[in-house]
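Protein chains: 2
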Amino acid sequence: LIKPHAVKKTRVPGVTLHRLRRVHDPRGNLCVGEFAKDIPFLPRRFFMVFDVPNAKHRGEHAHKRCHQFLVCMAGSLSVQVKDGARSQIFHLKPQTEGVYVPPKVWCSQYNFRPGTVLLVFASAFYEASDYIRSYEDFVRFTARSGGTRVKKR
Amino acid sequence: LIKPHAVKKTRVPGVTLHRLRRVHDPRGNLCVGEFAKDIPFLPRRFFMVFDVPNAKHRGEHAHKRCHQFLVCMAGSLSVQVKDGARSQIFHLKPQTEGVYVPPKVWCSQYNFRPGTVLLVFASAFYEASDYIRSYEDFVRFTARSGGTRVKKR
Chain A
1 LIKPHAVKKT
11 RVPGVTLHRL
21 RRVHDPRGNL
31 CVGEFAKDIP
41 FLPRRFFMVF
51 DVPNAKHRGE
61 HAHKRCHQFL
71 VCMAGSLSVQ
81 VKDGARSQIF
91 HLKPQTEGVY
101 VPPKVWCSQY
111 NFRPGTVLLV
121 FASAFYEASD
131 YIRSYEDFVR
141 FTARSGGTRV
151 KKR
Chain B
1 LIKPHAVKKT
11 RVPGVTLHRL
21 RRVHDPRGNL
31 CVGEFAKDIP
41 FLPRRFFMVF
51 DVPNAKHRGE
61 HAHKRCHQFL
71 VCMAGSLSVQ
81 VKDGARSQIF
91 HLKPQTEGVY
101 VPPKVWCSQY
111 NFRPGTVLLV
121 FASAFYEASD
131 YIRSYEDFVR
141 FTARSGGTRV
151 KKR
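Those protein sequences? They're chains A and B, same order as listed. When you line the first sequence up against the numbering used here, it's residues 1 to 153, in that order. When you line the second sequence up against the numbering used here, it's residues 1 to 153, in that order.
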């Protein structure tokens, strides 16, 4: 029994919501993704975010060149993406969904329920200079790199 | 505050136990691994195993060429590896540990506590012919490919 991989566009251009391929089995369920096929890139790095107090926000930055793919592994959380003009909030279903965040998109995660584990794949090794950590800088950067949709928050 | 990546040998040659790099933060904890550096290969595929009844076993096969890396994302489970002669059982600490399983090692997962999510990275796309699903075939295969340590279960 298999549900195929499915990709949906979102309100933020370039950001896509993925339903992962799913295999039901009496010995337990399995969800799977193949890199550079289902997931739009090959990862160089993965990280897990956990033990996040409910009031805290994670992320709150954009990348200049790095692509990311987020999966909620357990619990629940909200993910917000914005490109300066458009924004969308996702409440990711655990294990079965993922959101692809291309470079030059601002991304925050919040509303972590206790026990929540967020998994992130990144297309590049850690590099401090690839992070845009201020929203003002983000607006300036996307404007400079050809964004016409960008406006102030 | 950072704990560095650390790798330990195990009783099964080639199999290694990894403590992942850990970053403490008031906004929540983070564990990270870089592929082909901390983790011994670049993944082509990932899958998550969940909703496994406690009495069930998963895995119970070996790969001819595919490398795997297992991380317990939530809950707890046991992982057994064996090469025909030696075996070891791991109770993986969630999020902070991983076990690297090279090709030609038999691997089973069991004792899934409710809510457990197992994450597996694989170095190859899915290919049915890469799986050795019978322990008898595994013993024959490892003996043929130069294993001298192999004995019957």
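Bear in mind the hints are in silico, worked out from the structure with no lab data behind them. There may be inaccurate statements among the hints.
No distinction is drawn between identical chains; accordingly, a pair holds when it is met within one copy or between any pair of copies.
Stated by the list, open to error - Derived lysine-lysine pairs resembling DSS-like cross-links, with alpha carbons at most 27 Å apart: (1) 56 <-> 37; (2) 3 <-> 56; (3) 8 <-> 93; (4) 3 <-> 82; (5) 3 <-> 104; (6) 64 <-> 104.
The structure displayed is predicted, hence computed values, not measured ones.
Going down the list of hints, with the structure as the test:
| no. | hint | result |
| --- | --- | --- |
| 1 | 56 <-> 37 | neither (33 Å within a copy, 31 Å between copies) |
| 2 | 3 <-> 56 | between (34 Å within a copy, 22 Å between copies) |
| 3 | 8 <-> 93 | within (15 Å within a copy, 35 Å between copies) |
| 4 | 3 <-> 82 | neither (29 Å within a copy, 33 Å between copies) |
| 5 | 3 <-> 104 | neither (31 Å within a copy, 30 Å between copies) |
| 6 | 64 <-> 104 | within (6 Å within a copy, 41 Å between copies) |
Of the numbered hints given earlier, the model fails hints 1, 4, 5; all others are met.
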